[in-house]
Amino acid sequence: MSPTDLAVQKQQSSAGKQRVVNDFSIQVATVNGSGSQTANLVLLRSLLLMGIPASGKNMFPSNIAGLPTWYTIRASKRGYISRKKEVDFLVAMNPETAKEDVLTLDPGAAVVYDEPLKLKELRDDLVFYPVPFDKLVGPVCQDAKLRRLVRNMIYDGVIAKLLGIDPALMEKALNKQLGKKAKAVALNSGALKAGWDYAEANLPKQDPFALEPMNETAGKILIEGNQAAAIGCMMAGVTVVAWYPITPSSSLCESLIGYMKKYRMDKKTGKATFAIVQAEDEIASLGMVIGASWAGARSMTATAGPGISLMSEFTGLAYYAETPAVIFDVQRVGPSTGLPTRTAQGDLLSTAFLSHGDTKHIMLLPCSVEESYEMAIEAFDIAEQFQTPVFVMMDLDLGMNNWMSAGFKYPTKPINRGKMLTPAKLKEIGQWGRYKDVDGDGIPYRTIPGDGMPSYFTRGSGHNAKAQYSERPDDYVDNMDRLARKFETARKVVPKPDTETVTGAKIGLIAYGTTHWAITESRDQLREETDVKTSYYRLRAYPFNESLNEFIDAHERIYIVEQNRDMQMRQLMKLELTPERCAKLRSVLHYSGLPIDARSVTNDVLSQEGFEVAKKTGRVVEAGLGGMTGGE
Amino acid sequence: MAGKLNRIGLEPVIYKGSKTTLCAGCGHNSISERIIDAFFEMGVDPNAVVKLSGIGCSSKSPAYFLGTSHGFNAVHGRMPSVGTGAMLANKKLIAIGISGDGDTGAIGIGQFVHLMRRNIPIVYIIEDNGCYGLTKGQFSPTADLGSKLKNGVVNDLPPIDTCALAIELGATFVARSFSGDKKQLLTILKAALAHRGTAMIDVISPCVTFNDHEGSTKSYAYVKDHDDPLEEVSFVPFFEDISVDYEPGTTQEVTMHDGSKLLLKKLEDGYDATDKIGAMKRLHEIARRGEYATGIIYIEPDREDFLEQLNVVDEPLATLPLDRVRPGPEALEEIMEGLR
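From first to last, the protein sequence lines are chains Y and Z. When the count follows the working numbering, it moves up by one through the first sequence with no breaks and lands on 617 for the last residue. When the count follows the working numbering, it moves up by one through the second sequence with no breaks and lands on 349 for the last residue.
Hints listed in this document are in silico derivations from the structure and should not be mistaken for laboratory results. A portion of the hints provided could be inaccurate.
Computed cross-link-like contacts, DSBU-like style, restricted to lysine-lysine with a CA-CA straight-line distance of at most 30 Å [unchecked claim]:
1. Y:K247 / Z:K25
2. Z:K101 / Y:K246
3. Z:K192 / Y:K421
4. Z:K101 / Y:K412
Full structure from sequences and hints, please.
Laid out in structure tokens, this is it:
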């Protein structure tokens, strides 16, 4: 199995010899449950230790062991961290998918593969590096049971050699990843070396991809969005958490448990300053959250689409009875069970109006791990300020993938508990009514059980300003109008959009959440490749800010880019915009379950703008299929 | 006007609620009256009480007692989770939840099951009339096999025995009473207030409008004739220094967690309310005869409640100050460093 075979020779001549430095993606295809995540994170950490901006995305099955999984690591000297559609460097470890994985590569890509898979016969326009993993793992790992896990670390060693990662740095990354488990570190370290040595002795460099040290990651952290949100919840002073396990939100509450146990045990008594309960379902989770916040605790739950559906009734109660609640929706692909381990922005419409009757809810839209942290803190303030449920709309891509980020800042503002009735306030306003609009902003004053202030009877049935049962038409209308007024007050308080208006741009892009990262890169592509200038309006919350109108007015065409089929955010906008403004709206939609990528956005915008996309970009997936006949 | 005062210096009137809107003669109203008596006699601070309910006739009743306490009329069948949340937020609260046989046995059976498992400190009352009153008399899951609706329809499904179910699920205080038995119900309610953890009381409470006719097994007449008390219940609260004399072997004395004493005078068959297996056996035997076993069916006075298991601080979580719920900058820095 000499690497200097015909396929490689041919590829060399066709692909050219231009080196590609710090700007490519590595995809590792394995079987889930094989321990590949450790190897992948060590690789990702190695890149960050080299100072190269990098991101990692896990595409995994809804399964514990035995099904295909892909992990993509992207190195980007320009700092792009969205998914890159094209795979440049493939590590093919999974017999099930290896053939298709290889066939879909662009010409010029490189493939490290498990030798018995005999992949190099498939294409003659790729670089192939066969590695006999089973032969190499034997001497490294005596314990046959562990071999399956250690085996994967060998590809890290091979990649380090081929791409130019300092083995000492990779060793450091390994130590970081495995922490204090000395035995595991030693075992995996041996595997790294075995891979490196094999590559050095047998695999002369044939591909153009290389990694070189940069200085762009100093002080940066590597963290999943769910973990970031958990830190935010702890800093927000959450005291009651009720949750039900569901992908992709479980790790939010699980990491919160870890942090709370470490940082929120009372120093004097050793007791918990919090209560975290795994409920019997999502309905009970939200019920507990509502009961707790009604009794004055800062409380939250985290779930995904199916849980949101189940929480519908309770959400209506919280809206109408006006109890705060913070609900994280780490969105996955629906409808129904959908694709539980794939990402989407598909719950916007159903969440905005969750429950029967006239309801509307505040949604926060974090795009990054940093915003997941910050908005988690803000969500509790807003929920208490407005005495209503607040949904933090994350997604699987944000919640479960590892993102490079600046370190989080310590909160500067104290906790805002909203309008709690105090003896002084009671004296000032004279007569208190739980649902009385004293200040004209739609937000009433509340009391909590045991606080010594006047009590009230909370109910989801019709009530008047004094919280008394009422079916009177005027009471109902007054109350509903006040709730609408409260929502309008929220419009001014929720996180403001991030706007970048470019002089001379006729096109405006609107996006939110993780779509932001594809937009950032796509705007550069549009400007650099086709000289198309774009302005950008990144939504950070619902209800929308008034400035949305100005942004639309300032541009001829508006593209709303989102990760769902039904243009959900656009539909929400249409409810508020004038027909003239609606007429300017167009959509770029991505809903395959994979995180949105810049190239797809660029192509779609250009095509709607009348460009001939295929010629302009030239990067079409099918190009790889030509290799099939060539290799046969 | 100055009537007798209780041990915290309050008059009985403080414990009353607004005027009932339930039907005249409804068993639920008698239960509300006993609740008022029990809270008064036990000297419970109404400011610390939370009244919870689901949906249905039963769930309206929290408006009719303890008018100065906070109340929460939640959604159908989901009161247990709301009550759990409230107690998590503030362990100093005293919670009483009122449910019905539909609210508990049908739509709310899931939450009921998990409430019983967790032993959250809450007095949980099922006002059990075997039918849906507020939607005009359909059968509920506690309706007995063969029981008849007013229009002659016969129930052909077996009933859920909420007491047997609660014992099976690990409940630590399980009782059954009858809204017409003032003395027994009041005593059980007082004992329930002294209990550590969930006190589950199924109170047979006839629906005078839809389920009080011949052929119904939940009518006043039927329940009166088929009430089979397991013991004669008396209760001595911890704050009353009364010693009760009884002949050895005639009475089971159960010391409750707060020091109160529950005295269960044995009737002819003898009964041990702390024997789980015996309790289940007796419940089934009596049900097979078409009768209702009433009294304290099962009690486990010393099991830790859920809040103790969670090891929460002594103060209410709801009102902990900022410096106790927001770790300092050094904590965040330590977390960040670990992620670099």
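Q: Of all the hints given earlier, name the ones this structure violates by number, lowest first.
A: Numbers 1, 3, in rising order.
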